[in-house]
Amino acid sequence: MHGTWARRLVAGITSTLLAAAGLVALPATAQAAVPDSFRISGSGFGHGVGMPQFGAYELARRGGVNGGDVLRHYYKGATTQHVTTPQIVAVQVYGPDPLGRSGYGDTKDTSAVAVHDGSWRLRTSDGKTLLTGSGTTRFSLSTASGKIVVKVDGKTYRANLLRIHWSGTRYYRSDGTQALATVRDAHGTYKHGRMTLSARQGIPNVVNDVLLNTEYLYGIAEMPSSWGVEGSAALRAQAMAARSYALVAMRSAKTDCRCHVVDDVRDQNYTGWKKENEGTNGRWGKVWKKAVNASVASRTRAQALTYAGSPVQAHYYSSSGGRTADSEDVWVSRIPYERSVSDPYSKAAPGNSYASWTRTITQAQARRLFGLTNVQSIAVTARWTSGQVRTLTATKPNGTKASITGKADAMRSKIGARTTAGSMPASWITRVTAVS
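Under the numbering used here, the first residue of the sequence shown carries the number 5, and numbering increases by one thereafter.
What the hints contain is simulated information worked out from the structure, not anything from laboratory work. On a predicted model such as this, the values are computed, not experimentally measured, just so you know. Any given hint could turn out to be false.
Pairs of lysine-lysine, DSS-like flavour, derived with a Cα cap of 27 Å [said to hold, decoys possible]: (1) Lys294 with Lys112; (2) Lys112 with Lys80; (3) Lys258 with Lys278; (4) Lys159 with Lys132; (5) Lys294 with Lys278; (6) Lys400 with Lys418; (7) Lys405 with Lys418; (8) Lys155 with Lys112; (9) Lys290 with Lys278; (10) Lys400 with Lys411; (11) Lys411 with Lys80; (12) Lys132 with Lys151; (13) Lys290 with Lys112; (14) Lys151 with Lys278; (15) Lys80 with Lys132.
Label-pair distances were calculated between CB atoms; the ranges are [stated by the list, open to error]: (16) Ala368 with Gly139: 27 to 35 Å; (17) Thr424 with Asp179: 56 to 64 Å; (18) Ala352 with Ser440: 31 to 39 Å; (19) Gly139 with Asp73: 27 to 35 Å; (20) Arg338 with Arg162: 29 to 37 Å; (21) Thr259 with Ser360: 41 to 49 Å.
Heads up, the beta-carbon is just placed ideally off N, CA and C, and yes, glycines get one too.
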């Protein structure tokens, strides 16, 4: 046993000396240690274009600014002004994706609308009333031969288009009671407007028709209403930005679905009465409604974010990593009012859990990401103006390098998919650390 150990020791020393003389190569594991994983440290949440909501909140908290000031800081060269608006916006709350985008929209071939605690009526597209009733009632929805099929109170109706009205709305004053509507598999509750029903691709298509300047914005759940206590300017900025976004979307109505916008991240998160009635006795909802109302002159006139005199598509997101992005660094097109600006506010905002974050990428995941057999280190070697990662470079133990480069949002997706979490909050990566 001792003789075997001695021979191995001598062989090891000899091999090391020969390797030092360049005559024998050491195994890769002896050349340098390969870490088990890498820790990615970063900041921010979202794409980085336009207004970071936490940044707007902190800027408003510091005082001395109004909603227009917040918007002008984050949208360079843009301004706020009263504009003439359409009265009604049509919001798809259930149905297939209007633009046929893969992975979006609803796919179930049945749904249901329920009216709660009030009166209701079912009408045709030309205003003929088919049926009325009261109390909590369920309307079952399906399709047949390109028509919407509605079953209610034991009766069945088929048509190209049908509408449900409920009491307390401007469409149906009725007996003075206030009813609410819900839609199965939608994420909102609806006090205002009416439901327009049609069939599309064999799937029920349900659209909530509401007043743009008030009823629609009352239901936009994109910023915590409680921020209005210390940061009312942020809520007002959000209201104007949301209206501006909708105005641009309405220029190209999605005719197949008879809608202008959808109710989720494809456009804006619309939850209707849930947002408007937020908090005990609607406490926080009232704060949000006050912010919305501050920018409204009438049903067809309100404040919006404009550039060169026209409303603009105001992109926004949760928080930045210290500086916002030029639009073309994140996506493709150069948008003149969405320029990179300093944002020390997002990281300083109270409650921002994404002021700093970490993600883990294993050695195996790093190999697949970079196409290397082993990865010793990873570093950010180029950044966009915003500080978001542009190029990420990996180095093998023997010094061989491999890099990935791309637009900021594409890099967030590509790198995030290789993390153990399967995603990454943003592409503001501060450093990558080896973990053994």
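Evaluation of the provided hints:
Between the alpha carbons of Lys294 and Lys112 the distance comes to roughly 38 Å, so the proposed pair goes past 27 Å and is violated. About 43 Å separates the Cα atoms of Lys112 and Lys80, which puts this hinted pair outside 27 Å; it is violated. Distance restraint check for Lys258 and Lys278: the Cα-Cα separation of roughly 25 Å lies within the 27 Å cut-off, and the hinted pair is therefore satisfied. A distance of roughly 16 Å separates the Cα atoms of Lys159 and Lys132; the hinted pair therefore holds under the 27 Å criterion.
For the hint pairing Lys294 with Lys278, the CA-to-CA distance comes to about 16 Å; that is within 27 Å, so the pair holds. At roughly 20 Å between alpha-carbon atoms, Lys400 and Lys418 fall within 27 Å of each other, so this suggested pair holds. Taking the CA atoms of Lys405 and Lys418, the gap is about 18 Å. The hint holds against a cut of 27 Å. Between Lys155 and Lys112, the direct Cα distance comes to roughly 17 Å. Compliance with the 27 Å bound is thereby established for this hinted pair.
The hinted pair formed by Lys290 and Lys278 meets the criterion: a straight-line CA distance of about 12 Å does not exceed 27 Å. Annotation: proposed proximity of Lys400 to Lys411 holds, straight-line Cα distance about 25 Å (limit 27 Å). This hinted pair checks out: Lys411 and Lys80 have alpha carbons roughly 21 Å apart, not beyond 27 Å. For the suggested pair Lys132 and Lys151, the alpha carbons sit about 17 Å apart, so the restraint of at most 27 Å is met.
The hinted pair formed by Lys290 and Lys112 fails the criterion: a straight-line CA distance of about 35 Å is larger than 27 Å. As the CA atoms of Lys151 and Lys278 are separated by approximately 31 Å, the hinted pair breaks the 27 Å bound. Between Lys80 and Lys132, the direct Cα distance comes to roughly 50 Å. Violation of the 27 Å bound is thereby established for this hinted pair. In this structure the supplied range 27 to 35 Å is violated for Ala368 paired with Gly139, their Cβ-Cβ distance being about 60 Å.
Between Thr424 and Asp179 the Cβ separation comes to about 57 Å, which falls inside the hinted range of 56 to 64 Å. In this structure, Ala352 and Ser440 meet the distance hint of 31 to 39 Å, their C-beta atoms being roughly 34 Å apart. For Gly139 and Asp73, the Cβ-Cβ distance of about 49 Å falls outside the hinted range of 27 to 35 Å, so the restraint is violated. Between Arg338 and Arg162, the C-beta spacing of about 49 Å breaks the proposed range 29 to 37 Å.
About 45 Å separates the C-beta atoms of Thr259 and Ser360, a value consistent with the hinted range of 41 to 49 Å.
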